[in-house]
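Protein chains: 2
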Amino acid sequence: MPILPFSDRMNMVLLHKNDFISPDTVRISGRRLKHIDTVHRAETGKELSVGLLGGKTGSGIISFMNNDSLTMKVSLDTLPPAPLPLKAIIALPRPKAIKRLIQSATTLGIKEIYLINSWKVEKSYWQSPVLSMENIDLQIELGLEQCRDTIKPNVYLKKLFKPFVEDELPSIAQGTRAIIAHPYCNINIKEENAQKNDITLAIGPEGGFTDYEIGKFIETGFTPVNMGERILKVETALTYMTGHLF
Amino acid sequence: MPILPFSDRMNMVLLHKNDFISPDTVRISGRRLKHIDTVHRAETGKELSVGLLGGKTGSGIISFMNNDSLTMKVSLDTLPPAPLPLKAIIALPRPKAIKRLIQSATTLGIKEIYLINSWKVEKSYWQSPVLSMENIDLQIELGLEQCRDTIKPNVYLKKLFKPFVEDELPSIAQGTRAIIAHPYCNINIKEENAQKNDITLAIGPEGGFTDYEIGKFIETGFTPVNMGERILKVETALTYMTGHLF
Chain A
1 MPILPFSDRM NMVLLHKNDF ISPDTVRISG RRLKHIDTVH RAETGKELSV
51 GLLGGKTGSG IISFMNNDSL TMKVSLDTLP PAPLPLKAII ALPRPKAIKR
101 LIQSATTLGI KEIYLINSWK VEKSYWQSPV LSMENIDLQI ELGLEQCRDT
151 IKPNVYLKKL FKPFVEDELP SIAQGTRAII AHPYCNINIK EENAQKNDIT
201 LAIGPEGGFT DYEIGKFIET GFTPVNMGER ILKVETALTY MTGHLF
Chain B
1 MPILPFSDRM NMVLLHKNDF ISPDTVRISG RRLKHIDTVH RAETGKELSV
51 GLLGGKTGSG IISFMNNDSL TMKVSLDTLP PAPLPLKAII ALPRPKAIKR
101 LIQSATTLGI KEIYLINSWK VEKSYWQSPV LSMENIDLQI ELGLEQCRDT
151 IKPNVYLKKL FKPFVEDELP SIAQGTRAII AHPYCNINIK EENAQKNDIT
201 LAIGPEGGFT DYEIGKFIET GFTPVNMGER ILKVETALTY MTGHLF
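Residue numbers (the numbering used here), protein chains in the order written: chain A, 1 to 246; chain B, 1 to 246.
Hints are computed from structural coordinates only; laboratory data are not their basis.
Careful: at least some of the hints might be erroneous.
Identical copies go unnamed one by one, so any copy, or any two together, can satisfy a pair.
[To be verified] Listed below are the simulated EDC-like cross-link pairs for lysine to aspartate or glutamate, each with C-alpha atoms no more than 20 angstroms apart in a straight line:
#1 K111 <-> E229
#2 K17 <-> D198
#3 K216 <-> E166
#4 K34 <-> D137
#5 K216 <-> D37
#6 K17 <-> E43
#7 K123 <-> E43
#8 K34 <-> E229
#9 K120 <-> E47
#10 K111 <-> E122
#11 K56 <-> E229
#12 K46 <-> E112
#13 K46 <-> E206
#14 K56 <-> E206
#15 K216 <-> E206
#16 K120 <-> D198
#17 K111 <-> E47
#18 K152 <-> E206
#19 K152 <-> E229
#20 K162 <-> D211
#21 K216 <-> E47
#22 K34 <-> E166
#23 K152 <-> D19
#24 K73 <-> D211
#25 K96 <-> E229
#26 K111 <-> D137
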C-alpha cells in the first residue's frame, strides 16, 4: 500500500463506475473517504465537487457517512476541462521525482506521457516500485482530483531508447510541432516562434541527452531549444515549458 | 536538524565566505560534503561546479577528502545567471508545499518572494517550523545549488494582510506590471498582452483570495487574470505563470 499524501487537497472526488449503487448514488470508502473525513472534515448534508472517471463532473451531497463508507447523491452535468494538446517525452527521472512529475503533468492536462530511457538515466530507476501500474494510477488520480479533471493521461514506459525513437517517435510526433529541450543549443525557447497547438515536447535527464540521442531526435524532426542558463528539475522544466508554450 | 533531501542533485557546490582557508582554497564539511561523497561519489582530483554565495561561479578541484572534510582549489570567473524580474506574492501554502515552493521559485531566478496571509490560509501554517530562518535558508541554498545561481532571493513573511497590502504593496508593485491570478475573473492569462519585464505576480491560496482581498489588490493596480479551469498547486501555478510570462 503506497503512502497516501493526505496533505494534498482533493478538489474533486473522483468517482469510479463501480462506486455507483444506483443511477445517482455512489458509495465510497478507503483513501477517498479518509480524505473527505480528515482533510475536508465533511459531514452528512455537505456538498462536494465530484467527477466520474472518464466522464462528466458535477456535485454530490453526502447522505450517509460512517467510519467505513460514505454515500452521496450525485449529479454530473459538466464536461471536464479540455485536454492540453501536448505530448510529453521525458527521460525517466529519479523515483522520488516521478510521483510529482506524473501528478503535475496530469494537473496541467497533458494526456500522453512517455517516460523513456537515456544514457544518463540510472538503470536502477527502472526497477523502482514507483513505476508499478498501481502507483502510477494513484498519482494520476491524485492529479485529476487536484485539477478537477476526469480523463486519465496515458503513461508509457519505454525502457529501450533506440527502438522507441526509431520505431515509435515518428508517428507520435507526426503532425505536431516537435521540440526538444537541450541546454547546449543556440536557440532560446523565448526566441522560438511557438504555435499554440499540437506540440510534442522532449525533456532530457539532468545532465542532458547525449549528442547521439539529440541527433536521433533531430533526425525525427525535433527542434532543439534551450531554456536559459538555469538547470531546472524535470517537473519544474515541464511546467515552465508548458506555461511558455500555451 | 532538517531532513536532508540527498536525492536532490547539487549541480553546483555553494561556497560561503568562511569556507575559504586561503584566497583560492576552500574546506567544506557537513551537508555539502556528504552530498558530494554519496551522490556525486566524488574523489580527489575530481572537478566540480562551484559558486560563491553572492558572487561568481566557476570550478573547483578536490585536493583532499576524508569523512570529516574536503578541500578544493577553486577558480571563480563567471557571473551567475541573470535574475528574473518577477516579484512573487503568494498566500502561504501548507507547510509541506512551502519547501518546494521556495526551492522552485529560487531555481526560476525569482529574487523577491512575499509569503502573505489570506482569509483561507490556515492560521496554524504560520506556526510551522518550516518557516524558521534556518529552514528557509536551507531551501534557498538547495535551490541555488540546483540551478547554479549564487544570489539568494529575499523571502518575506507577512502575517497581516491589511497592513501589507495597504502600506507595503503599493511600493512593491510600483513601476511593475501587476497581475493577480484569480480563478473567477474573465480575462484569461493567454489573452493578456504580457510584457516581458518587471512583473509583480500575486497567487492566492487554494480556494482563492476572498472578494475583499481581490478588491484590495485591484485598488493597488493589479489586473486579475485566470489560468483556465484547472486548479493547480501553488508551486505548479507559479512555475506555469513564470513560463508564460517570460
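Check each numbered hint from earlier against the structure, then list the numbers of those it violates in ascending order.
2, 5, 6, 7, 8, 10, 12, 14, 16, 17, 18, 21, 22, 24, 25
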